[in-house]
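Engineer: Here's the letter readout for the chains.
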Amino acid sequence: MIAGRAVIVDLPGGSASDPPERRGLAALAARHLADPAAGGPGTLASRRGWRTRHRLEPDWSSFSFWSCVDDDIGDVAAAFEHVQPPGRAGLAALVDRQSRLANAHRANGYLRLMDLLDGCAWGEQNNALGTAATLASITTDDLQDYFDACQDRVSPLASPATRQWRGGYRSAPQPGDVTRVAVAVPVTGSAPGAVELAVEMLGSHGMGGRLGSALRSDRAIAYGLGAFRLGSGQNCAIAAQAQVAPEHTVEAGRLLMDCVRSVLHGPVDERERLRAATRVRTALLLQVDQPFGAADEARRKRLRVPTLVDLATAVQQRGRDGVLPTEEPGLPSAVVALGAVTPEQSSALERTHT
Amino acid sequence: MSVHNVNGLNVHLLDLPGAHTVGGVLVVRTGSAHDTPHPPGTAHLVEHLKIASIPAGSGGLPPVRGVTDNLVTRFSAVGLSEQAIELGARLAAILDDVAMDEHLSSERQAVLVEMRQASANPLLRLGPTVAAAARPWRGLAATLQADVDSVNRITARDVAVLAERRYRRDQADLAIVGSRLPVDALLNAVDQSAGPVRPQAGFPHPIAADPVPDLADALDGLVVASLARACQESDHDHAMVGALRTAAAEIGFPLTGQSTVDGLDVAVDVLCWRAGTNADGLAKVLMSRGDEMLSTTAIRRASLERRQSAGYQAQTPLGTAAALVTPDESSDRPRAELAIWRVDKGRLHRCRETLLAR
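From first to last, the protein sequence lines are chains S and F. Residue 475, in the numbering used here, is where the first sequence stops; the numbers in between run on with no holes. Residue 385, in the numbering used here, is where the second sequence stops; the numbers in between run on with no holes.
Worth flagging that the hints you see were computed from the coordinates, not collected in a lab. Nothing here was measured: the structure is a model prediction, and the numbers come from that model. All C-beta atoms, glycine included, are put in the ideal place defined by N, C-alpha and C. A couple of the hints might just be wrong.
[Claimed, not checked] In silico negatives: residues of chain S with every beta carbon more than 12 angstroms from chain F:
(1) Gly195
(2) Thr260
(3) Cys271
(4) Asp273
[Said to hold, decoys possible] Partner residues are not named here, just some residues of chain F that face chain S (Cβ under 10 angstroms, in silico):
(5) Pro90
(6) Ala329
(7) Tyr339
(8) Gln342
Sequences are here, hints too, so could you generate the full structure?
Structural biologist: Right, dumping it as structure tokens:
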């Protein structure tokens with residue numbers, strides 16, 4: 122095995138630090154830092170052939186670098202010091218590239234579905250990339266201010282506000298002859314690892330859980346499907362999505378909701394639980410085995426959040442004790458459909474969420 | 028790394044100290060180019076059915092994933108490091124003769140929904156279409172030949188015949204990578220699961236269906252570059268692809284998409300840009316470059332990038348397993364050929380081709 126080294130540099134300006142009228146600022150700053158032609162860390166990474174990764178989180182703008190050759194990757198943090206913002210033409214090029222990415226994001230069916238579900242669940246949509254209007258208002262001075270603010274801070278510039286669950290039903294048109302359907306049920310009182318276990322009992326990759334049995338093996342109406350956690354911390358929901366032919370939209374919505382509630386309301390067989398726990402542990406430890414895995418675990422310790430190894434242990438315990446999340450009483454679920462949805466289908470799906 | 032011949036099946040094992048997980052890849056040397064005489068889509072449907080027919084087992088291994096390419100079908104799986112034996116047995120069982128009829132209806136529908144999803148994005152068809160135009164009769168567009176009608180015509184007998192003829196020990200490679208692999212017990216489990224040992228048989232070359240289908244009008248205005256090369260990419264090939272990207276970016280055209288299509292003794296890198304009314308200008312820039320873009324510095328940098336990329340992939344058990352079952356470098360490397368294309372009215376038009384220096 123070739124030994125590799127990974128370095129993570131966290132800037133304290135995440136997407137939550139964007140002023141409302143300049144949404145997309147942190148993403149634009151990250152784009153500049155990663156630009157191979159900008160003379161900063163992106164240039165260094167390009168020259169060294171490093172593998173790179175960037176994650177824009179609400180709290181942090183996190184840059185990762187990986188190398189398997191004997192080079193100066195350990196000194197990459199220095200490249201973030203005294204970064205100069207681009208000139209006017211450079212800024213225009215950055216804005217153009219970010220706008221293209223935002224457009225591609227809006228054209229991606231899966232990402233659109235996630236935006237639709239997020240908006241339905243909490244009444245607002247994640248807009249870390251900004252809009253044409255907010256990007257146009259960003260100046261080189263704004264970027265300079267952002268870099269200056271990040272320079273001497275060790276804690277986030279801003280943290281995201283707590284969001285209030287709304288739920289309900291939403292749909293949006295999407296070209297093509299596949300309809301995407303998703304549901305989300307808000308949950309409460311979760312022990313560590315319980316949400317992850319519930320998601321995997323449904324099937325995070327579709328097959329292997331209850332979703333695959335219900336929508337594919339029994340009814341043969343779905344190709345892509347899967348369960349996932351919507352939201353973070355205690356403010357979260359168990360969600361599931363599927364891609365189906367338009368005529369199966371309503372049935373898919375109903376089956377997804379039935380599956381999610383069947384796990385939350387039980388009963389759950391111990392054997393099924395233990396098998397799901399093993400699959401979750403595999404998925405978590407697979408991330409630890411990734412090239413950035415060890416550095417990510419060290420970062421989690423620094424941020425005082427559970428490591429994936431700790432979470433894997435908790436999931437194993439949930440598999441044994443059977444503690445699962447419960448549906449938040451009194452809150453409506455969220456149901457969304459993306460595609461050619463008829464008024465009759467919308468009416469039927471609206472009834473699904475109550 | 029050790030390679031074991033398990034009654035005709037090549038099993039590659041590698042110990043990766045400290046890994047929390049075990050990764051396995053089974054490559055079966057059959058793909059869409061082997062569909063004939065069955066309807067197009069048969070190999071893809073067999074891939075689905077093989078996965079659906081795998082016994083659930085008792086240990087909670089995640090589902091096996093499959094991809095049907097032009098010439099091969101790849102199955103991959105992961106598990107906890109203590110599940111190496113179960114994982115090896117599960118992948119090897121794909122080669123066994125098992126009844127698949129009960130899943131035929133559901134998996135046929137799954138293939139049809141998957142095809143619908145792909146047809147909704149015409150860009151996905153561009154890579155194989157251009158690759159087949161650049162190097163005809165090499166099976167490069169075999170994955171595009173299936174349609175709703177052909178998939179609906181596939182019978183249980185088509186499935187059974189293709190599976191029996193092509194899912195054989197001597198037509199497959201299995202790689203398992205993890206920490207402290209129990210070699211003897213693992214090989215024994217693989218042997219027990221991999222189905223009957225059949226006498227060696229010769230296989231004809233795949234019949235690669237052409238001609239290339241038309242493209243969607245939505246792709247009009249695209250400028251496309253194809254680099255037909257040996258299956259294993261060289262530093263020179265990698266540098267060429269990088270130089271094309273850079274040349275287009277320098278005049279304001281970021282890459283729209285890039286893919287690599289594998290065929291019989293050839294691989295084709297396909298890059299495309301949305302140029303709209305500026306398609307002529309971009310095509311001219313790309314045509315006027317070629318070998319001149321390949322400086323010593325560019326090739327040295329490409330070499331470094333490839334080394335980093337290979338090292339990165341080899342960090343995980345699954346990535347390493349995939350690399351172990353990649354075909355070896357051919358000693359007879361053909362010269363790479365660069366061609367520039369434009370898409371107009373749903374048709375491909377070749378602007379120019381250039382044989383590149385080695």
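Engineer: Would the non-interface assignment of Thr260 of chain S survive a Cβ cutoff of 12 angstroms against chain F?
Structural biologist: 22 angstroms, holds
Engineer: Say whether it holds or is violated: Gly195 of chain S keeps its Cβ farther than 12 angstroms from all Cβ of chain F.
Structural biologist: At roughly 16 angstroms from the nearest Cβ of chain F, Gly195 of chain S sits farther out than 12 angstroms, so the non-interface label holds.
Engineer: Classify the hint on Pro90 of chain F as holds or violated, based on whether any CB of chain S lies nearer than 10 angstroms to its CB.
Structural biologist: 4 angstroms, holds
Engineer: Does Cys271 of chain S clear chain F by more than 12 angstroms, comparing its Cβ with all Cβ atoms of that chain?
Structural biologist: Non-interface label stands for Cys271 of chain S: nearest chain F Cβ at 27 angstroms, farther than 12 angstroms.
Engineer: How about Ala329 of chain F: closest beta carbon in chain S under 10 angstroms, or not?
Structural biologist: With a closest approach of 9 angstroms, the Ala329 of chain F hint holds.
Engineer: Using 10 angstroms as the Cβ threshold, decide whether Gln342 of chain F counts as touching chain S.
Structural biologist: Since the shortest Cβ distance to chain S is 4 angstroms, the answer is holds.
Engineer: So, Tyr339 of chain F near chain S? Judge it on the closest CB pair being under 10 angstroms.
Structural biologist: 5 angstroms, holds
Engineer: Would the least Cβ to Cβ distance between Asp273 of chain S and chain F come out above 12 angstroms?
Structural biologist: 32 angstroms, holds
When the structure is compared with the earlier hints, no violation turns up for any of them.
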